[in-house]
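Participant: Read off the chains here:
Protein chains: 2
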Amino acid sequence: MPINHHRRGLPALAENRLNVGIFGLGTVGTGVARLLLNQRELLRARTGIDYRLKAAVDVRWGHHDLDLSAVVCSEDPAVIIDDPEIRVVVETIGGTEIAYDLVQRAICAGKHVVTANKALIATKGRELFKLAREHHVDLLFEASVGGGIPIIKGLKEGLVGNRIISMEGILNGTSNYVLTKMYQDGMEFDEALRQAQVKGFAEADPTLDISGYDAAHKLAILASIVSSAVVDFDRIPVEGIADITKLDIDFARSFGYVIKLLAIFKDTDSGLDLRVHPTLVPGSHLLASVNNELNAISVTGDFVGNTAFYGPGAGQLPTASAVVSDIVDLSKDLLLRNGVGFCNRTIDPCDSPRLAPLGEISNRFYIRFFAYDAPGILAQVGSIFGKFGISIASVLQMEIHGKDNYVPLVILTHQAKEAAMNEAIEEIAAQSFVWGKPLCLRLHR
Amino acid sequence: MPINHHRRGLPALAENRLNVGIFGLGTVGTGVARLLLNQRELLRARTGIDYRLKAAVDVRWGHHDLDLSAVVCSEDPAVIIDDPEIRVVVETIGGTEIAYDLVQRAICAGKHVVTANKALIATKGRELFKLAREHHVDLLFEASVGGGIPIIKGLKEGLVGNRIISMEGILNGTSNYVLTKMYQDGMEFDEALRQAQVKGFAEADPTLDISGYDAAHKLAILASIVSSAVVDFDRIPVEGIADITKLDIDFARSFGYVIKLLAIFKDTDSGLDLRVHPTLVPGSHLLASVNNELNAISVTGDFVGNTAFYGPGAGQLPTASAVVSDIVDLSKDLLLRNGVGFCNRTIDPCDSPRLAPLGEISNRFYIRFFAYDAPGILAQVGSIFGKFGISIASVLQMEIHGKDNYVPLVILTHQAKEAAMNEAIEEIAAQSFVWGKPLCLRLHR
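In order, the protein sequences belong to chains E and Y. Just so you know, we're using this note's numbering here: the first sequence kicks off at 1 and counts up by one. Just so you know, we're using this note's numbering here: the second sequence kicks off at 1 and counts up by one.
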């Protein structure tokens, strides 16, 4: 592919070359190195810039098939931090300790940083954006949400003219894989999770994924971009999928729903409504057919209407694709502007958006619990819901026998406030005819 | 939303203000004006730039609800062309005559141009990109494909590190609406098209949409971006949907397929395989559930794998959203680089990609024709296919009586070359037992 040579002005990159350093050559870092090495000509043809992987730092140098003969490989971060030629640093270590330290050091050394680390951005974003602003560098993180899907660029640039009204995303591949296997193959939760681990879609410790916290990290990042302020991830209400049984999957199916772990953003009059929880999605909805480890984000803007972005939410090569798109964006800025940070100007590290109080938010609910199979139980349950002003839409009691003489009872409600529902559930759980803990899920609106 | 003030360097825009002029205040132009006026504060907060709609030119000034009191409104293009303060010109006239003339004049006056005009880019792109390069300005066209979906940005920037292996798109809302109504509501083609016109999804003259040429314009644009060279739209083989009957929709359904008008890009060893034609898509495929007037593009890259972009492919406000994202991109460049064109450097106007010869491409085919209901017909048909080395996968003959004693016969083939299929179809059409013209569609691979 031909290179065009009509640029004028003062390129800030010597010889149109960008030297890149990578911290962490694990799965993702190796992918980034592979892309930079394999697609060097393609990138040069498309951008006019030569992206050179100059140095890589890791503490373990295991086996891989990359030719790193032209790359400085070291265990010492200084080979990157102290090299003035290296303008862009990729952080693919993961976690929030060593990664946090090295990203800070890189920023303080005047380097732009690209990271795939959602936990780092979601929990240390405020500090890092401040630091980046002080040092006039950029901190980009396209790969932190939706893997290879260019969702952050889509929101920041593609939909820049829109007030974002709502977003709904399947942002965690592991839990989506588990829920898909439960739905499609009738597996119980534990079996589906084991299969996810065997297939490499789940970590040895899958807590962060299954609990919904990984999706909440990503929601915090998307909400920060959209609100131009930092959303602290620990203010997002989170529920995971560990309590969902095959029974719930089947009940939901009988009502025409598929259960998906959704990250939800809604711009309401009382602030941002942010939540991560399993949700009953109508079978005909776009998100209902996003299966296995795939991710998707549905975005509604006041001008564009409803759009959606779909693709691999993780994986070595898709993540590398997103990291490199950030590197290219930075290099354009460097080429054009002597390295002044621009991209992150939309997130104000000193600002936080107003969040809507969860209790005031209305939803339709799915409640499932085991009740003693005796006359009059349904009337008692109905009167508890009635007491809290909650109107029942459907009831399903089936002759499936659980422990002893307890049968599952499923209730779908009309719109009800979270606060009222919490009180109703607490009261139902306390009844002597109820066995175990009721499961309460929300319906898609 | 707060504005950050940490930029250094030499802004090329006086007072961080960008003056915009619009040629054509029809549906799309009015949408762009509305967005610039209504979201002026939002855009300023997000970008630090004040986007001011300074002038609008049209020959008809009908009724609309915009407050244009601060905008120079004229029938004379010179109020935009000759105003040195106007750096970016939006072309929303449509067509390839007056629009072509005015875009050329704007470029020659050193202005950057944003257009939503796919016919203009697909048929005059080579000349315009050359002219823009000579004058060191940019010509952007995000809104020309997929309406509000940020697909061009996604390809050019989000997936910049990928060699694009294949793309498949539902790029024409009108024909997708017609096919959806035929599938979901059992309408015949004419009835579905009338309804599309009533609902405003089809023009009074829908030829460009129904014939596949509008989708081919968009495919030419996407293929140009991906190949970094200009794909001449008239080199793309195009088939429309006008010959598809309700009978074909039902036959396809009985085999598990949905018929969609697909624009197809495939990077093969013998060149780019580009085509627009109705295609039998498996019911479980993502594109099968893209309904009504909506668009979607599935993109496969060598690193990212399969991603997809979905949303409104047309409409006043979605198209405006895309136009404004181009304006913002240009303004960043202007702010940073004294107005030197950069964005289009990836399309070389002097280059054309190699296209694969259509006859050599293999597909699975759906063939439907009416045959006289007599013994031995199927054997004769089979021997014709056999003569051209085409292997039959399924045959469906149903007791639906067409004209006189002719019954519909449907054949699905295994992989066969286009050239062989053309010869076989020609021979079948010439048989005395065949009534009318056989319909030949391709199956999704």
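FYI, nobody ran anything at the bench for these hints, they're computed from the structure. Only a predicted model underlies this, so the values are computations on that prediction, with no experimental measurement involved. One thing to keep in mind: the hints can contain errors.
No copy is singled out in the list; a pair is fine if it fits within one copy or between any two copies.
Below, a list of computed lysine to any residue pairs in the SDA-like style, where the Cα atoms sit at most 25 Å apart [to be verified]: (1) K124 <-> L102; (2) K156 <-> T300; (3) K266 <-> R46; (4) K156 <-> R46; (5) K437 <-> R17; (6) K266 <-> G305; (7) K156 <-> G305; (8) K246 <-> Y183; (9) K156 <-> G283; (10) K156 <-> I225; (11) K266 <-> R34; (12) K266 <-> R44; (13) K124 <-> I392; (14) K156 <-> A356; (15) K266 <-> A45; (16) K199 <-> Y100; (17) K130 <-> E191; (18) K156 <-> I392; (19) K124 <-> L37; (20) K130 <-> D351; (21) K246 <-> V198; (22) K124 <-> A45; (23) K387 <-> D83; (24) K266 <-> E399.
Participant: Now tell me if each hint is right for this structure.
Facilitator: Now for the hints, and whether the structure bears them out:
For the homomeric pair K124 and L102, the shortest alpha-carbon distance inside one copy (13 Å) is at most 25 Å, but the shortest distance between copies (50 Å) is not. In this assembly of identical chains, the alpha carbons of K156 and T300 lie at most 25 Å apart whether taken from the same copy (14 Å) or from different copies (23 Å). Taking CA atoms no more than 25 Å apart as the test, K266 paired with R46 passes between copies only; the shortest distance there is 19 Å, against 38 Å inside one copy. Taking the shortest Cα distances, K156 and R46 sit within 25 Å of each other both inside one copy (22 Å) and across copies (9 Å).
For the identical chains of this complex, K437 and R17 are neighbours neither inside a copy (61 Å) nor across copies (60 Å), given an alpha-carbon limit of 25 Å. Within a single copy, K266 and G305 get their C-alpha atoms as close as 14 Å, which meets the 25 Å cut-off; across copies the closest is 30 Å, which misses it. Taking CA atoms no more than 25 Å apart as the test, K156 paired with G305 passes in both settings, with 16 Å inside one copy and 23 Å between copies. Taking CA atoms no more than 25 Å apart as the test, K246 paired with Y183 passes inside one copy only; the shortest distance there is 8 Å, against 34 Å between copies.
In the homo-oligomer, the alpha carbons of K156 and G283 never lie at most 25 Å apart, since the shortest distance is 30 Å inside one protomer and 34 Å across protomers. In this assembly of identical chains, K156 and I225 lie within 25 Å of each other by CA distance both inside one copy and across copies; the values are 7 Å within and 21 Å between. Within a single copy, K266 and R34 get their C-alpha atoms only as close as 38 Å, which misses the 25 Å cut-off; across copies the closest is 24 Å, which meets it. Proximity of K266 to R44 under the C-alpha cut-off of 25 Å is restricted to the inter-copy arrangement: shortest distance 23 Å between copies versus 41 Å within a copy.
In the homo-oligomer, the alpha carbons of K124 and I392 never lie at most 25 Å apart, since the shortest distance is 43 Å inside one protomer and 61 Å across protomers. For the identical chains of this complex, K156 and A356 are intra-copy neighbours only, at 23 Å inside a copy versus 37 Å across copies, given an alpha-carbon limit of 25 Å. Taking the shortest Cα distances, K266 and A45 sit within 25 Å of each other only across copies (20 Å), while inside one copy they are farther apart (41 Å). Taking CA atoms no more than 25 Å apart as the test, K199 paired with Y100 passes in neither setting, with 30 Å inside one copy and 55 Å between copies.
Neither within a single protomer nor between protomers do K130 and E191 lie at most 25 Å apart by alpha-carbon distance, with minima of 44 Å and 60 Å respectively. For a Cα distance limit of 25 Å, the shortest separation of K156 from I392 qualifies neither inside one copy, at 41 Å, nor across copies, at 51 Å. Taking the shortest alpha-carbon separations for K124 and L37, neither the intra-copy value of 31 Å nor the inter-copy value of 37 Å comes in at or below 25 Å. When the C-alpha separation of K130 and D351 is checked against a cutoff of 25 Å, the pair qualifies only within one copy, where the shortest distance is 11 Å, while the shortest distance between copies is 45 Å.
In this assembly of identical chains, the alpha carbons of K246 and V198 lie at most 25 Å apart only when taken from the same copy (20 Å versus 46 Å across copies). In the homo-oligomer, the alpha carbons of K124 and A45 lie at most 25 Å apart only across protomers (24 Å), although the nearest pairing inside one protomer, at 36 Å, exceeds that limit. Taking the shortest alpha-carbon separations for K387 and D83, neither the intra-copy value of 68 Å nor the inter-copy value of 69 Å comes in at or below 25 Å. Taking the shortest alpha-carbon separations for K266 and E399, neither the intra-copy value of 39 Å nor the inter-copy value of 54 Å comes in at or below 25 Å.
Hints 5, 9, 13, 16, 17, 18, 19, 23 and 24, counting from the list given before, are not met by this structure.
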